[in-house]
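Peer 1: Each chain, letter by letter, is given below.
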Amino acid sequence: MPTQDAKERLELLQGTLDLLILRTLIFGSQHGQGIARAIQQTSQEELLVEHGALYPALQRLEERGWISAKWGVSANNRKARFYALTAAGRKQLVKETNKWKRLTGAIARILGPEEVG
Amino acid sequence: MFGRKRNLDDFNSEIDAHLELEIERLREQGLSEDEARATARRSFGNVLQAEERFYESSRSLWWDHVWHDLRYALRMLRKSPGFTFVAVLTIALGIGATTAIFSIVDATLLHPLPYPQPEQLVSVVDDLPGVGARDVGMSVPEWHDLQRSGIFEYVSPQAFGSVNLTGSSQPERARFSAVAPNYFALLGGVKPELGDLFNPEDQTPGFTLEVVISDGLWKRAFAADPGILGKSLRLDNDLYHVVGVIPGDFHDAGQTTEERNTEVWASAGFAGAPAPPPLRKSHFLTGAIARIKPGLTIAAAQSRLDALVASLQKEFPEDYPLQSAWTVRLVPLKEAVVGNVRQSLILLLAAVGLVLLIGCVNVANLLLARASARGREMALRQALGAARKRLVSQLLTEGLLLSLVGGMAGLAILFWTKAFLLKILPDSLPRLNEVSVNWAVLLFALVASLLAGVIFGLAPALQASRPDLTLMLKQEGRSSTGSGEQARTRRVLVVTEFALSLVLMIAATLLLRSFWDLLNVQLGFNPQNVMAVRVWLPEPNDPETDIYRTPAQEAAFLHEIERRGRTLSGVEEVAVGDLAALPLGHGRDNLNPFPLIFEGLETPINQAPLVNASLVTPEYFHLLGTTLLRGRLFSESDNEKIPGVAVINEAFARTYWPNENPVGKRLKLPTPGDRSTLSWNTVIGVLADARTESLANSSVPQMYLSLYQRTAKDLAIFVRGRPDTAAMPVELREQVQSVNPELPVFGAQMLKETVSDSLSERRFSMEMVGLFALTALLLAGLGIYGVISYIVSARTHEIGIRLALGAQSPNILRMILRQGLGLAMAGAAAGLVCALIVSHFMAGLLYGVRPADPLTFAGVAVLLIGVALLACYIPARRAVRVDPLVALRHE
Chain A
1 MPTQDAKERL
11 ELLQGTLDLL
21 ILRTLIFGSQ
31 HGQGIARAIQ
41 QTSQEELLVE
51 HGALYPALQR
61 LEERGWISAK
71 WGVSANNRKA
81 RFYALTAAGR
91 KQLVKETNKW
101 KRLTGAIARI
111 LGPEEVG
Chain B
1001 MFGRKRNLDD
1011 FNSEIDAHLE
1021 LEIERLREQG
1031 LSEDEARATA
1041 RRSFGNVLQA
1051 EERFYESSRS
1061 LWWDHVWHDL
1071 RYALRMLRKS
1081 PGFTFVAVLT
1091 IALGIGATTA
1101 IFSIVDATLL
1111 HPLPYPQPEQ
1121 LVSVVDDLPG
1131 VGARDVGMSV
1141 PEWHDLQRSG
1151 IFEYVSPQAF
1161 GSVNLTGSSQ
1171 PERARFSAVA
1181 PNYFALLGGV
1191 KPELGDLFNP
1201 EDQTPGFTLE
1211 VVISDGLWKR
1221 AFAADPGILG
1231 KSLRLDNDLY
1241 HVVGVIPGDF
1251 HDAGQTTEER
1261 NTEVWASAGF
1271 AGAPAPPPLR
1281 KSHFLTGAIA
1291 RIKPGLTIAA
1301 AQSRLDALVA
1311 SLQKEFPEDY
1321 PLQSAWTVRL
1331 VPLKEAVVGN
1341 VRQSLILLLA
1351 AVGLVLLIGC
1361 VNVANLLLAR
1371 ASARGREMAL
1381 RQALGAARKR
1391 LVSQLLTEGL
1401 LLSLVGGMAG
1411 LAILFWTKAF
1421 LLKILPDSLP
1431 RLNEVSVNWA
1441 VLLFALVASL
1451 LAGVIFGLAP
1461 ALQASRPDLT
1471 LMLKQEGRSS
1481 TGSGEQARTR
1491 RVLVVTEFAL
1501 SLVLMIAATL
1511 LLRSFWDLLN
1521 VQLGFNPQNV
1531 MAVRVWLPEP
1541 NDPETDIYRT
1551 PAQEAAFLHE
1561 IERRGRTLSG
1571 VEEVAVGDLA
1581 ALPLGHGRDN
1591 LNPFPLIFEG
1601 LETPINQAPL
1611 VNASLVTPEY
1621 FHLLGTTLLR
1631 GRLFSESDNE
1641 KIPGVAVINE
1651 AFARTYWPNE
1661 NPVGKRLKLP
1671 TPGDRSTLSW
1681 NTVIGVLADA
1691 RTESLANSSV
1701 PQMYLSLYQR
1711 TAKDLAIFVR
1721 GRPDTAAMPV
1731 ELREQVQSVN
1741 PELPVFGAQM
1751 LKETVSDSLS
1761 ERRFSMEMVG
1771 LFALTALLLA
1781 GLGIYGVISY
1791 IVSARTHEIG
1801 IRLALGAQSP
1811 NILRMILRQG
1821 LGLAMAGAAA
1831 GLVCALIVSH
1841 FMAGLLYGVR
1851 PADPLTFAGV
1861 AVLLIGVALL
1871 ACYIPARRAV
1881 RVDPLVALRH
1891 E
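Chains A and B, in that order, give the protein sequences.
In this text, residue positions in the first sequence follow the numbering used here: the first is 1, and each later residue adds one.
In this text, residue positions in the second sequence follow the numbering used here: the first is 1001, and each later residue adds one.
Hints may contain errors.
Claimed, not checked - Estimated spans, in silico, between C-beta atoms of each pair: (1) Leu1074(B) / Gly28(A): 47 to 57 Å; (2) Ile110(A) / Leu1074(B): 40 to 50 Å; (3) Trp1062(B) / Ser43(A): 36 to 46 Å; (4) Glu45(A) / Ala1038(B): 17 to 27 Å; (5) Glu45(A) / Glu1377(B): 45 to 55 Å; (6) Pro1112(B) / Ala87(A): 45 to 55 Å; (7) Glu45(A) / Leu1074(B): 47 to 57 Å; (8) Leu1074(B) / Ser43(A): 47 to 57 Å.
To be clear, the hints were calculated from the coordinates, so they are not data collected in a lab.
Where a beta carbon is used, it is the ideal one built from N, C-alpha and C, also for glycine.
If we strip away everything but chain B, and leave its shape as in the complex, we get:
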């Protein structure tokens, strides 16, 4: 009964029925047909009024009002296309940009990982806080302890890397991951598109010789051969056979794009060849992920794990000395995957949200200006009996219509530019492939539009519906100056706009200065005209079949490569190093940490400090232009026949031998070819610090070892001399493959690009925030321009009188500018306070500049006030050019 509505016809037929009954009764009393009809009508009263009252009580009226408001709003927007265009464009850009950033945040931070029960997935991280070491890796016995602990359903190591894939048309480098046989069962929900996955119960100690390959590799290297199953392929010269193909939409749970786009998975027990003997102290597993048993929270699992760690420390006191304080942390897998970009993304979302807010304030200002022009219309309508509620809803409808149209236009822009936008995102952004415009993103856009509409529609609506009727109507044809309250609201809006813009501009300037400082740091090496190409030597599981097993075998190969490289035209120098020697170009899986045991300080190996070492040929130092401070560099005679030598950097010397001459000092390092024993190495030289590890930090301890004394599989060939980058990689590949046709040569890059690429994430957030800040500045400028123009036009009459009475133009100009300046200064002051708070949250993203850098704050404030004065100057000049005669006649 409540939900169903009677329609008007039903009501009317009831009235007809009433009249008929009444007529019949009256006729029975003896009246004639006509008399009866007239009397019935008379005693019924006003039929139309009854209908009207019925109609007003019905709920369809509400829809009628909405429909009416909507049509009226559409008419109003069509009538002032200039205003509509500017407002819709402002909102479209704001909503479009905000939605774009939100779609990234949604994919990376908000969405659960694309595996079933993702909340049970964790990354297992081993730390030694006692010796200041984090993420030190895990040993095989520790892995087995975790699997038996009853806390986890599955635990699997993850060893990302790459392998030489041969057996396909061109030898190539494939992204590779060694995992436990339970890996896909651990992630869950993975269905192969062909064949099978690994058997989670497999107990093979070494590699199972079965691989699962990605859809991409299957199509690229095997032409989507439907008979691929059981076929064999060579990875680093070892024979494996394919058991399954993973669908293209699967992405591995890695931290970088490379890791997430793994192409070959091999399963291993990590306890047989080629892995070292499974000793508790041998922490060679670089990382592990696990699935917690159902029903157990991460916190509960962590507390049970802590107990396990404590009991292991008691059981194996010599492996886990108390002072190293071994701990095992469970980090939600999602956190491990996206944790490092959280701060940047939130900054971006906040920045773009501010731009949207400033846009809203601008549109509110425009609407207010219009509202004051429509003041008489509102007053008239109210005087004629329009309810205030109806006027407010009328104006709100206009606001909402604007914002929805703007939001739709924003989405349209987003769809058009989607491909381009995805391209400018840095590749290193985690979960990049999951970024999409989905329902959540559309909903966000809708809510943002509605909120924006309410924000900028409400203030003018409330203002305009509360006019002083007599005043407004008395103004007759005079151009309305708006009430004092309205002018005040507009000033407050402009001040807000300035404050918000200032915050954004300061944030952008701080990021820009950080970026600039990083670009212009003294590198300590010279990347000019240096190209690096990468070559991987195969690493067969059986060392006996490795033709580059000993340093002497590899050295012969390296000499040949360098000799051939130097014959290429334009090449001045050639050197070879391992991947760790590639400045700024290596990810976390390419680090080569060595434990250091100093002479006279016989620390146990699992407590020794770790330092990254680069293996290089003697030519490396001169090619990169590093500075030798003490001692000597490597020479051809530093080969495997003589005891190991090492070159260190200043930071290393400062850290471990403060105030001593490090040249001639000895330290124990793992023996080449047998990492389970240690042997002595002598420091022969000290290099000046260079930013080869990190642009932001010059003093990372570094050690260089001779590539003629140790072997490395992950090689980088450095070539200096020719700026021509196109032909060089091809020529180099021909030279390398003429020595060994099975070697993949790939990843050619100019070192200058490597350096600038290492800043890609910083550059991205700087450019984005910078763009938003410029937009904000433009909007704020337009805002103050609007307000001052409005003030000028409202005071034309007054200015005319002043001019007629002899006021000087400069005085008038100053008077107008002073008003603008006041607004800008108030905005700047409020903005400076907010910026101080905001910039402290950004401290982690800054380099070489303090969050409260006075120069930035002052400079940006001055710039903003300058823009404000410029924006005010245009209307101010118009004011002084007023012809007094015209102005006085101005209504």
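So here's chain A without its partners, still in its complex pose:
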């Protein structure tokens, strides 16, 4: 059961969804619904992922060759399309992660150490 109302959750910054998908897939292949769940759970329900936005993103990543997909059967015996990280995707993940860390570091330095609000 969701512990927070959808309104209070954080909306994703543009471009970060790709990074989160790639990061999620590092633990092995997963279907779309599994990816959505994983992101929500790992972020301790802080992040709002509209499931519908996930699929065009998956499609985009697949076209770029960062992930590969094939139809398979889920743990509870349902048909689902499973996505897996490719070698190119793995490289991209490292790159994007570094970029993200530099960005958040820079923003954190500007905002200062003390808690705001």
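Fit chain B to the given chain A structure using the hints.
Peer 2: Just chain B now, kept in the frame of chain A:
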């Protein structure tokens, strides 16, 4: 993974799978079926939007756009049939004409000759630049030197001509070529449809007495007899037997249609009878072709050949005097075959390309006019969020659709008129039989159409997709005047059109004037009511069997022919000459060059200047109406019993005896009946120059010798008096064949036609360029008409105000005309500059008129401006008739 596209169903079932998984998870958490379903839906968000985004990312969208644009374009074209018709017709004519000319260029200039490894085939040309002689021919020892040189795989002389063919139903003249036994091996890839070809290793010194005949002759003269092999036929009374039949699609490597359509090939070693003894100085082989050894380029072969020539000059100093500077040139065979029409064809292609370009400019103008009418539509669509890229591609699609439909219509026209078009091509065009609409031609048409579409579609597309939205939309229902930029573009287009038309018209006028001058030159002889028919006496290989061997024997025959000819009704005069005496009617293989050795100047024979001589009977001069300036003409008593006499023309006298009286001068010429010795001839008369050799050149040195003193086999019977041409050849043939039934009588032609036929190639390119120029003028006129009409309609309101305020009609008229005049003048000025450049490239095609002829330039410019004013007058008059009240209410 990249190439394969997921379809939408696959994507949708993935979404369904997601929802199912989510519902199941939520139900495990304790929600009811309905609650779970609603929550899963909610957290998924907008399903439709996801689908849409998936769809937009897919490549099939591109096709959808193209398809959509295409359907829209089709709808737009159907909605304005008038515009569509004019545009498609313009493009169809342009593409059709351009493709037609290209198909000729493709067949003649671009295609390799139809033999294997055609790049190894060359024509071997001997020149003596030291004495100003070109293509002097080759001797048999020289031919053998070339064969042994190691440069060539094969070398073969080519001696085109014709022979009397008897043994078939009617004696006839067959096109003949004497070649070396290696000839077909040299060309390569020739498979006989019956029997065999010559054995390339044959070493017979004279003729091998074996002939190969063409499919055409086999069918015509032998009714396609399957047992033809081994059968004998008589060529000039000599017995040959047929060893093979060549398929109908084979065309010989000759320079004229006659040569390419050779019907009988005989192989010879050229060293035994009837050829003269194989002396180094005896250059009787008129031409040779060769196949260079594989791996050797023409340039490499030429440099090795130069070394060979230098060593031969050292070895035989008396045969190759240094001052004559003997050289042997290798010319690519294709060049030798088509070289003389290259310039005309390129001119034609350029001219027709200009017409196409002008057509494109016209259609661009029409499209622009439409674009300004559709300006609001474009603005509205853009305001509603259409991407500029989509609008451009929309308009480009319309342009391309127009041009492709036009191109297809053009091809259709071409296919319908193909037979007619092939008929109007001059016969003398080389490789005429290879002209066809093939894949290369179709590809050319397609590329030309696409290019045309881009040219006339792009400008309006870019213009129309960059409208000032607020301005356009604010105009409400008012008829759009288009932006200033658009009007400027249209003016530039019209100026371009005028410039291009002017260039074409000047080119056409220069050609027309050249042609006119040639038609109206003082011929120096009178072709009116003169008919010539040709008769060939047989030339058997054994002279002993020749019944016309001596001049006296032939003279008896000639007297009889002339006597019988004069008995025909309506005939006033009859004369006989050899083929060289036929004015303007002989090709290069019918020339009869004599070396001249003047008394007091004992030049060696191989350095002597060559002059073409005509053998004629005494009646010839009066029949042709030539003018005697000095001395006397031939008489009956100038026969073989007295020393040779010669009549020369003024040009001959001017060239060799300047400022002297040539009458009584003597010169040595080859002795009749024995061309290896020389004997004296006396000049007895001088004729005024006549254009019997070339219409363009009156001063070609000419010499006439008496047909009663020398023999000739290639005869032309001249008859003056009767304009009725139909019955005459038949009556003449009956008369000749009643003297000797074995003689073929053929090739009847009125001399006037011979004269005009000699201009057939010039006439063809003149007519073509003229036609293109007229088309261009028409298109330019339509173009300026369109622009001025448009300006007038856009200014109706303003003109109405002016009229209401008291402006006079003539002033309004002048105002409109001035605008048109400005455009025309700008176009004419630009065109004159371009024409000056272009006309200099045409100098070789002109006669009697300078490339920068001021009269032509000024005249054409004035004509063009006149047409422009006329085209502007119609809309201008409409402008002054405007009723001010209506005009003011005009939106």
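Peer 1: Quick check: does the Cβ-Cβ distance between Ile110(A) and Leu1074(B) fall within 40 to 50 Å?
Peer 2: 59 Å, violated
Peer 1: Should the hint that Glu45(A) and Ala1038(B) are 17 to 27 Å apart at their CB atoms be regarded as holding?
Peer 2: 19 Å, holds
Peer 1: If you check the beta carbons of Leu1074(B) and Ser43(A), does the distance land in 47 to 57 Å?
Peer 2: 54 Å, holds
Peer 1: Taking 47 to 57 Å as the hint, is the beta-carbon distance of Leu1074(B) and Gly28(A) inside that range?
Peer 2: Given a distance of about 53 Å, which is inside 47 to 57 Å, the answer is holds.
Peer 1: At the C-beta level, are Glu45(A) and Leu1074(B) separated by a distance inside 47 to 57 Å?
Peer 2: With Cβ atoms ~56 Å apart, the hint holds.
Peer 1: Looking only at beta-carbon atoms, does the pair Glu45(A), Glu1377(B) fall within the given range of 45 to 55 Å?
Peer 2: 52 Å, holds
Peer 1: If I claimed the Cβ atoms of Pro1112(B) and Ala87(A) lie 45 to 55 Å apart, would that claim hold in this structure?
Peer 2: 52 Å, holds
Peer 1: For the pair Trp1062(B) and Ser43(A), does the Cβ-Cβ distance stay inside 36 to 46 Å?
Peer 2: Since Trp1062(B) and Ser43(A) have Cβ atoms about 38 Å apart, the given range 36 to 46 Å holds.
Of the hints listed earlier, the one the structure fails to meet is number 2.
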